[in-house]
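K.L.:
One line per chain: the protein sequences are A and B, in this order.
Per my numbering, the very first residue in the first sequence carries number 1; after that it's consecutive.
Per my numbering, the very first residue in the second sequence carries number 1; after that it's consecutive.
The hints are simulated quantities; they were obtained by calculation from the structure and are not laboratory data.
Treat the hints with care, since some could be wrong.
Straight-line distance between alpha carbons at most 27 angstroms, and here's what the computed DSS-like set of lysine-lysine pairs gives [stated by the list, open to error]: (1) K112(B) - K229(B); (2) K14(B) - K63(B); (3) K165(B) - K220(B); (4) K96(B) - K168(A); (5) K96(B) - K23(A); (6) K23(A) - K184(B); (7) K96(B) - K63(B); (8) K38(A) - K173(B); (9) K126(B) - K9(B); (10) K252(B) - K197(B); (11) K173(B) - K180(A); (12) K23(A) - K160(A); (13) K220(B) - K112(B); (14) K11(A) - K173(B); (15) K35(A) - K96(B); (16) K168(A) - K252(B); (17) K4(A) - K97(A); (18) K197(B) - K38(A); (19) K159(B) - K38(A); (20) K184(B) - K63(B); (21) K117(B) - K165(B); (22) K38(A) - K178(B); (23) K117(B) - K168(A); (24) K38(A) - K259(B); (25) K208(B) - K35(A); (26) K220(B) - K242(B); (27) K259(B) - K168(A); (28) K4(A) - K173(B); (29) K9(B) - K193(B); (30) K160(A) - K38(A); (31) K175(B) - K168(A); (32) K35(A) - K173(B); (33) K180(A) - K165(B); (34) K6(B) - K229(B); (35) K173(B) - K160(A).
Label pairs and their calculated CB-CB ranges [stated by the list, open to error]: (36) E253(B) - K11(A): 48 to 54 angstroms; (37) G91(B) - Y238(A): 45 to 51 angstroms; (38) E174(A) - V240(B): 56 to 62 angstroms; (39) I237(A) - Q174(B): 35 to 41 angstroms.
Ideal Cβ placement from N, Cα and C applies to all residues, glycine included.
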Amino acid sequence: MAYKERLDGRKDNELRPMEAKIKVIPNAAGSASFKIGKTWAIAAVYGPREVFPRFLADPKKGLLRCHYSMMPFSGSGERIRPGSSRRAQEIAMVMTKALEPVVDLSEFPNSVVDVFVELPQTDAGTRCAAISAASMALADAGIPMTDMVSAVAVGMADDKIIADLTYKEEHIHEFNEDSKGAPVSDIPIAMIHSTKELSLLQMDGEISKEDLLKALEMGKEAIEKVYQVQVKALKEIYTEA
Amino acid sequence: MITNLKTIKELAGKDKRLDSRALNEYRQPIEIETEISWTAEGSAKVKLGETVVMAGVKLSIEKPYNDTPDEGGIMINAELVPMSSSEYEPGPPGMKAIELARVIDRGIREAKAIDMKALCLTPGEKAWFVTVDIISINDAGNLFDTAGLAVLAALINAKFPVVNKETGAIDYKQKTNKSLPLTKEPVSVTVYKINGKLLVDPTLDEEKAYEARLTVASDKDDTLSAMQKGGNGTFTIEEVAKIIDLALEKAKELRKYLK
């Protein structure tokens, strides 16, 4: 069992090509498009605005609420039924938690800032692309933030620690001849740029503690590249004073 | 946004519009981009001024309906997602989304734009079913015509996926060179009546001020394939004749952007 060359020829710590742009949805207060390989997330921010349902309103601070939705034709298999699913709701929740530490809504009591993410096409790493897009859209909307959040998945395919897994790498036993029955682990992480703290951390699969820590170190380096792409896109519109 | 509907109506009465367009003028730019989603069998993004819509085609093999055992099927669905406007909320499609999907559905289905019999694989057992999903990205008015173009472009662009000969399963990751059996390419044009005047391609504000609208789908040879009247107002037969002339003229103009 061995996964030698990556299926798409990348280096172990290399991310797929990224493309980022802000102000893609004129109706929104802020918006961003973030592509990494064949995964594409579009995020739009609305608010601060009145909260519905009303009982969710917090008189001390505004509420951050993320929504995640894969377009029905964005899965690599059959059509996905539109509408919310348990998976989409959980991802929306972890997205909110990943962004909350940098978003300061103390000046907007009783209001909500909604972040809507739609994915037109996907090839793994969707929650990370969604968070990276959402962070840019929040910045574009001028929502008070203490930092940027960037996200990427790391993990282990067979015996190799890699960054930014594709669908095929998440199913390495199907797509790599030498990896029959090999373990895979997928670890999406989000990091707050200046403090290097993790605000999203999930893991599924099989991995040892040593390899996990190596993967997280690789993630820390990889996330810096995501951050640079995010900041470049923001600076294309907003120049430093 | 605060909209003075009275102003829009008064201007229309004088053949004028807030954005200084002519009544029969579409916004610019008009852009059609295809193959925007590798996971869809066909896909397109259409931009009409600031309005942006995506459409994606997914194909599946299903059992034909009992009353049409030798035909495949088509379903068009629209999602007016909250990302595209502060007026849309999460949840199941509302009346606006349902009407949009149904009108475009009719423009394709009743026009027999897809040869349903050519979609049949084994009569009574297996046929291709076509599902097109419309997603609003930015609603700045005239979703009808924008979505109509997006659906048509996605259908033209669609390629059948590879089917495993032994198992009969679809391999969605591989596409063949075979396109959908399209027999026609109907283009929809929606004409709005504001203060008795007829105009096309309304902005969001104009959409709030209209009395009645008529969507007319027509093919290259000017054959009409579907119509839908909307709004609280009414049309005279003379107005309908004028609307059809205008719709046919504008359909020709929009069709140029398809290739």
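K.L.:
Next step is simple, just say for each hint if it's right about the structure.
P.N.:
Comparing the hints with the structure gives:
Only pairs whose Cα atoms come within 27 angstroms are accepted, and K112(B) paired with K229(B) is accepted, the gap being roughly 21 angstroms. Of the pairs offered as hints, the one joining K14(B) and K63(B) is violated, with about 56 angstroms between alpha carbons and a cut-off of 27 angstroms exceeded. For the hint linking K165(B) to K220(B), the alpha-carbon distance of about 37 angstroms lies beyond 27 angstroms, and the restraint is violated. Under the criterion of a C-alpha separation no larger than 27 angstroms, the hint pairing K96(B) with K168(A) is inconsistent with the structure, at around 39 angstroms.
Proposed proximity of K96(B) and K23(A) is supported: the alpha carbons are some 26 angstroms apart, at most 27 angstroms. Of the supplied pair hints, the one linking K23(A) and K184(B) is violated, its CA atoms being roughly 37 angstroms apart against a limit of 27 angstroms. Between K96(B) and K63(B), the direct Cα distance comes to roughly 30 angstroms. Violation of the 27 angstroms bound is thereby established for this hinted pair. The hinted pair formed by K38(A) and K173(B) meets the criterion: a straight-line CA distance of about 13 angstroms does not exceed 27 angstroms.
Among the hinted pairs, K126(B) with K9(B) is inconsistent with the structure: their alpha-carbon atoms are about 53 angstroms apart, more than 27 angstroms. Simply put, K252(B) and K197(B) have alpha-carbon atoms about 22 angstroms apart, close enough for the 27 angstroms limit, and the pair holds. For a cut-off of 27 angstroms, the pair hint linking K173(B) to K180(A) stands: about 21 angstroms separates their Cα positions. Between the alpha carbons of K23(A) and K160(A) the distance comes to roughly 38 angstroms, so the proposed pair goes past 27 angstroms and is violated.
Between K220(B) and K112(B) the alpha-carbon distance is near 14 angstroms, which keeps this suggested pair within the 27 angstroms criterion. For the proposed pair K11(A) and K173(B), the alpha carbon gap of about 24 angstroms is at most 27 angstroms, so the pair holds. Note on K35(A) and K96(B): the hinted pairing is violated, with a Cα-Cα distance of about 31 angstroms set against a maximum of 27 angstroms. As the CA atoms of K168(A) and K252(B) are separated by approximately 44 angstroms, the hinted pair breaks the 27 angstroms bound.
Proximity of K4(A) to K97(A) is assessed by CA-CA distance (about 36 angstroms); at most 27 angstroms being required, the pair is judged violated. For a cut-off of 27 angstroms, the pair hint linking K197(B) to K38(A) is broken: about 47 angstroms separates their Cα positions. Of the supplied pair hints, the one linking K159(B) and K38(A) holds, its CA atoms being roughly 19 angstroms apart against a limit of 27 angstroms. Between K184(B) and K63(B) the CA atoms are separated by roughly 25 angstroms; this keeps the pair inside 27 angstroms, and the hint holds.
Restraint check: the Cα-Cα separation between K117(B) and K165(B) comes to about 21 angstroms, which is no more than 27 angstroms; the hinted pair holds. With a C-alpha separation of about 23 angstroms, the suggested pair K38(A) and K178(B) falls inside the 27 angstroms cut-off, and the hint holds. Taking the CA atoms of K117(B) and K168(A), the gap is near 36 angstroms; set against the 27 angstroms cutoff, the hint is violated. The suggested pairing of K38(A) with K259(B) holds, with an alpha-carbon distance near 25 angstroms, which does not exceed 27 angstroms.
Pair hint K208(B) plus K35(A) does not hold up; C-alpha atoms about 36 angstroms apart against a cutoff of 27 angstroms. Between the alpha carbons of K220(B) and K242(B) the distance comes to roughly 19 angstroms, so the proposed pair stays at or under 27 angstroms and holds. For the suggested pair K259(B) and K168(A), the alpha carbons sit about 34 angstroms apart, so the restraint of at most 27 angstroms is broken. Annotation: proposed proximity of K4(A) to K173(B) holds, straight-line Cα distance about 24 angstroms (limit 27 angstroms).
With a C-alpha separation of about 10 angstroms, the suggested pairing of K9(B) with K193(B) holds against the 27 angstroms cut-off. The hinted pair formed by K160(A) and K38(A) meets the criterion: a straight-line CA distance of about 22 angstroms does not exceed 27 angstroms. Only pairs whose Cα atoms come within 27 angstroms are accepted, and K175(B) paired with K168(A) is accepted, the gap being roughly 17 angstroms. Proposed proximity of K35(A) and K173(B) is supported: the alpha carbons are some 19 angstroms apart, at most 27 angstroms.
Under the criterion of a C-alpha separation no larger than 27 angstroms, the hint pairing K180(A) with K165(B) is consistent with the structure, at around 25 angstroms. A threshold of 27 angstroms between alpha carbons decides the hint, and for K6(B) with K229(B) the separation of about 23 angstroms falls inside it, so the pair holds. Under the criterion of a C-alpha separation no larger than 27 angstroms, the hint pairing K173(B) with K160(A) is consistent with the structure, at around 25 angstroms. For E253(B) and K11(A), the Cβ-Cβ distance of about 50 angstroms falls inside the hinted range of 48 to 54 angstroms, so the restraint holds.
Against the hinted window of 45 to 51 angstroms, the Cβ-Cβ separation of G91(B) and Y238(A) comes to about 34 angstroms, which falls outside the hint. The supplied range of 56 to 62 angstroms is met by E174(A) and V240(B), whose beta-carbon atoms lie about 58 angstroms from each other. A beta carbon spacing of about 39 angstroms between I237(A) and Q174(B) agrees with the range 35 to 41 angstroms that was offered as a hint.
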